[in-house]
Amino acid sequence: MVKPSDIPLPTQPLQSLPDNAHLECPEELLKHIEEDAGTLLDLANQSIVSARQFDRERVMQLCRLAAKYETTAVPVQRPLTGKILISAFYEPSTRTRLSFESAWHRLGGDIMSITDPGTTGIAKGESYRDVAEMLSSYGDVIVLRDTDQNAIFEMMKALRVPIINAGNGIDEHPTQALADIFAILKWRPDLLELDITEDRKIRIGIIGVPGRMRTVRSLLLLLSLFGYAIKEVVIICNTREVFAKGQREELEQRGLTVRVTTEMDAELPNLDVVYINAIVWSGNSYEEHGTEYCLTKDSPLREDAIVLHPLARGSELSTDLDETPHNWYFAQARGAVYIRMALLTCYVWLF
Amino acid sequence: MVKPSDIPLPTQPLQSLPDNAHLECPEELLKHIEEDAGTLLDLANQSIVSARQFDRERVMQLCRLAAKYETTAVPVQRPLTGKILISAFYEPSTRTRLSFESAWHRLGGDIMSITDPGTTGIAKGESYRDVAEMLSSYGDVIVLRDTDQNAIFEMMKALRVPIINAGNGIDEHPTQALADIFAILKWRPDLLELDITEDRKIRIGIIGVPGRMRTVRSLLLLLSLFGYAIKEVVIICNTREVFAKGQREELEQRGLTVRVTTEMDAELPNLDVVYINAIVWSGNSYEEHGTEYCLTKDSPLREDAIVLHPLARGSELSTDLDETPHNWYFAQARGAVYIRMALLTCYVWLF
Amino acid sequence: MVKPSDIPLPTQPLQSLPDNAHLECPEELLKHIEEDAGTLLDLANQSIVSARQFDRERVMQLCRLAAKYETTAVPVQRPLTGKILISAFYEPSTRTRLSFESAWHRLGGDIMSITDPGTTGIAKGESYRDVAEMLSSYGDVIVLRDTDQNAIFEMMKALRVPIINAGNGIDEHPTQALADIFAILKWRPDLLELDITEDRKIRIGIIGVPGRMRTVRSLLLLLSLFGYAIKEVVIICNTREVFAKGQREELEQRGLTVRVTTEMDAELPNLDVVYINAIVWSGNSYEEHGTEYCLTKDSPLREDAIVLHPLARGSELSTDLDETPHNWYFAQARGAVYIRMALLTCYVWLF
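Protein chains in written order, with our numbering: chain F, 5 to 355; chain G, 5 to 355; chain D, 5 to 355.
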C-alpha cells in the first residue's frame, strides 16, 4: 500500500528579481535631491491635466518621494484611509488603471472602479457635467481616461474634487511622462545638476509621432524642463505630419533642441536614451505608426544606452532585449506605481 | 539658453462649491429632530425591499443621522471595518452603485462588485436561490439591482444576510425615495411638525407615471407618511394607465390626497415641489414617458419652488435650471450618499 | 385624517441558518488535528498551480486553519492590511472570484479585479510574460483563471509574486479540490486516522469526466493522499475517453483504487460520498457531459451518504435534494471561503 508520505511533492518556488530591476538606483537618486515638501503642497488643490503643470522643482520632489517609496519595503502609514478614488476608465486600460489603483491602495485608500464604458450614463447620453457633479459627490479624487480629449475639460467645469488625466484621447498622459522621467533620473541622477558638463549631456531619441501620441507629447513637455542637460531630442518618425500645430515652437521656446529624421539605424549609435512607441489609440480603434522601426538586440545601440517604452508593446520592441542591460522599460513600468503614489500623496494635504 | 525657471506654470485650482449646494440645510434639519437611535435598531435584522417598511419615525431618524454625516467633514470611526458589501448590479447602473459603494466605504467596509450581468451565473441559468445561497456565504450585506422585479423576492427565500433593493424592475427603489425625502426635509424641516398650519402645507407635483416608475412608486409611499403636511400630490401624466392596480387606493388609505392631470403649465404656479422623471427601465431597454413635458428656467415655476429629479436626466430637465435656486436635484443626489450611510449604519448592530 | 402611526409597517426579518449548515462540524474537525503551523510556512514562497503541491500534512493543516476561521465569528486581526490581491479572471466567474475576494478581504487586504477579458492587454495580443511583469509590479498575490491552460505556466516565467490557479482550462482547479476535501473531513474527521478500520473506510463516487473536468482532476489528486481511508473511487461516466493520458496510472501509483462504470443507480446504494458535475468549460464555450445522470431525492442514495457539487449546478442536481441531509454542497461552498482564507494566510509570512 502506498503511504501518503511516499507521494512526491513538487514545488513552485518564487523567482528572485532579475538583474534589470535596477533597485539600487532609487537610493542613488535620493542622495541627489534635497527634500522640500513645500513644493508639492500646492499640488494638493489642483487637478492634473497637462505635463505643463509641473516645473523642474515639482518633478524633482515627486521623483524624490517616489524613490523613497520604492526603497521602503512596507509603508507603515496609511494616510489616505477613508478616502475614495474613483477610477473612471471610459477608454479601457488594465495597465494604467492597476497602476493608479495600486498606488492609492498602498496609501490606504478605497477605490470604486468604472471599467465598462458601455453601461455608464455617458454611453446613454448623460452630459460630462452631470457625471462630474455625481463623481464630486461620491469620491474624493477622480482618475479619468477617455477617448474624447475634451471630456476632462468638460468635467472640470462642474467638478469640486481633483481629477487626474490618465490619458485624454491623443492629447496628454502626464503621469506616464512622470514615470518616464523618474526612470531617466534613476538611471542618471547627475542630469539634475544645472551646471552639467557638455560631455555628460545626453541625446534622446524618440521613435514615435509627437503630434499624435499623448505619451510622447507629455514626455517632451517634461523633458524641456531639463533642456540644460539634453544635447538634443531626435524624433524618429516617417509620417507627414510630425508635430501638432504650435507644438514644436512651444518645445523650442521651453529650451528643447529638437531634430526630426526618418533614419533610425543611423541615429541609434549616438543616442543615450531610446524611447519607442507605435500605437496611437484614437476613439475606439488604434492606428499603428512606424511599423518599419523595430528595436532588437541586434540594433546598433550604444553599449550603455537605455530603452524606454510605455507598454503594452507590439512588434516594435523585440523581447530579445528583455535580458539585456538596455532594458529599462520594466523598471520604468515598476516605477509608475511609486511616482503615482508620490503624486497622490499630495492630496493628503487636501483633506 | 532657457532657464528651467523661465518656463510658465499653468495651474488648475479646484472650484469651490456653487451656491446651490444648500450645505446649511442639514444643520437646520438636525435641530428639528430629536435623536432616538433605538428606532433604527430593529432595521438591523431586516432586508429593505419596499418603502412600506419605513414609518415616519424611522424616516426621521435616518434623515437625522444622514444630516449628521453630511455636516461632519471626516468620519473618524470606521464601524464596518472587515464587513463586506456585495454590490450586485444585474441591471447596470453607475450612479446608484457608486452611491451605495461610497456610503459603505465611508463607513470603513470592503466591497465586491458584480457589474457585468452577462458573465454571471444568472445569465447562464443559475437559479436565484443558488445565487442567494452563494452571496450569503461570501458577503455580509447585499445590494441588488435587477431588471426582474421578482429576483429579490426569490433570493430572500434562501438569503441569510440582509439584502437592500436598489431598484427591482418597475416595482420599487426605496433608498432613492429616502434620498428624495431627505432633500425635501432639508429644504423645509418644519414639515416635520404634526400640527403644521394650513398655509405652510405644501403641494407636490410629480411629472411621471406612478404605475410604471419605481422611483415614483416608492416616493409616493414615503410621502404618505407626511400626509398631514401635504395639501395634495398632483400627478402630471398623459398615459392611459397612470396607476398600478390598487396603488391609488393604498395611497389614499395611507392619507395622501392624489389628483391626476395632463396639464403641466397650469399646475406649476401652484406647486412647492416639482419632481420630474421620464425614463422607465423595463427589462434591458427603456420606455420614455412624458416627452412633451419639459422643465426649463422659463417654466412658470413659483419663485420659491424646488425641482427634484432622480437623475440621470434626459431632455425633460433643461440644464438652464442648474444655476437657478430651483435646482435641488444636485443637493438631492449629494444627499443620497449620506442617507445610504445612515441606512447601512443600522447593520453595524447586526454584527 | 390618517395619522402616520396608523399606517401598517411590514417587516422583512432575516432567516436563521437552515439545518444543513453543519456548523458544528468544524469544531469537531479541530479536535482531530494537532496544530503544526510550520507545515504551512513553506507555502509562503510558492505559487499554487496543481493539487500535486499538497501533501496530506499540508491539507490537514490548511483544513485545521479553515475550521478555526469557520468557528470564529469575527477575525480580530487583519494580517493582510496594505497587501493587494490582483483577481484576474480572464475566464469570467462570479462564484470563485467572490470566494477568493471575500477571503482576502476578511484577512484585511485590498483587491484589484480584472473581470472583463475583452478589454485587457491579453485580448489585444500582449504576451503572458509582459502581463506577468506588470502584475508583479502592481500586486502582492495574483489569482488567475484563464481558459488557456498554459497561461499560468507562461506567466510564472516572469512573475516575481505568488500566483494561485483558480482554474486553468481543463487542467486543474486545486483550491476547489481543497474545498471539497475540507467538506469531506468536516463530515468525517475520523478519515484522518492512518489506522482506520476497514468498516469505516469510504467509497466515493464521482459522476464526471476525470480527463476533461479540472475540478475532478484536482480532487482525485487530493483524494489519493487519503488512499488508506478510501475503499475505492468509482468514476461514473459514459464518455469514450474517461482519463487523460497517464492520469489513471498516476492516481494508482499514488495509492488510489479507481474503477469506472456507466451505471449510476447500481452504484449509488454503495457510495458514502457522491460528487457530481456536468459542465466542462473549454475555451469560451462549454461541453455538457453525463446529461443522462441526474441526482434527485428519489435516487437510491444511502441514508447517510453526502452529495457534493462544485456549483453552479445544472439539471444534474435536483433542487429537491436541498432540504435533505444529503445536501453537503452548500456547506462545501460555504467552506470554500475559509479554506481560501487559510491558504492566503500562508502569504502573510512572505511579507
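Because the hints were derived from the structure by calculation, they are not lab data.
Bear in mind that the values here come from a model prediction, so they are computed numbers and not experimental data.
Wrong hints could be hidden among the right ones.
Copies of the same chain look alike in the list, so a pair counts if it fits in one copy or across any two.
As the list claims (entries may be wrong) - DSS-like, lysine-lysine: derived pairs with alpha carbons at most 25 Å apart:
1) K235 to K7
2) K35 to K161
3) K235 to K205
4) K35 to K205
5) K161 to K7
6) K205 to K7
7) K205 to K249
8) K161 to K301
9) K301 to K249
10) K301 to K7
11) K7 to K35
Now for the hints, and whether the structure bears them out:
1. In this assembly of identical chains, K235 and K7 lie within 25 Å of each other by CA distance solely across copies; the values are 15 Å between and 72 Å within a copy.
2. For the homomeric pair K35 and K161, neither the shortest alpha-carbon distance inside one copy (41 Å) nor that between copies (34 Å) is at most 25 Å.
3. Only within a single protomer do K235 and K205 lie at most 25 Å apart by alpha-carbon distance; the minimum there is 6 Å, versus 77 Å between protomers.
4. In this assembly of identical chains, K35 and K205 lie within 25 Å of each other by CA distance solely inside one copy; the values are 20 Å within and 68 Å between copies.
5. Taking the closest pair of Cα atoms, K161 and K7 never come within 25 Å of each other, the shortest separation being 72 Å inside a single copy and 33 Å across copies.
6. In this homomeric assembly, K205 and K7 come within 25 Å of each other (Cα to Cα) only across copies, at 16 Å, whereas the closest approach inside a single copy is 69 Å.
7. When the C-alpha separation of K205 and K249 is checked against a cutoff of 25 Å, the pair qualifies neither within a copy, at 29 Å, nor between copies, at 62 Å.
8. Taking identical chains as interchangeable, the C-alpha atoms of K161 and K301 lie at most 25 Å apart only when they sit on different chains, with a minimum of 20 Å there against 48 Å within one chain.
9. Taking the shortest Cα distances, K301 and K249 never come within 25 Å of each other, neither inside one copy (36 Å) nor across copies (41 Å).
10. In this homomeric assembly, K301 and K7 never come within 25 Å of each other (Cα to Cα): the closest approach is 52 Å inside a single copy and 37 Å across copies.
11. For the homomeric pair K7 and K35, the shortest alpha-carbon distance between copies (23 Å) is at most 25 Å, but the shortest distance inside one copy (59 Å) is not.
In summary, the numbered hints that this structure violates are 2, 5, 7, 9 and 10.
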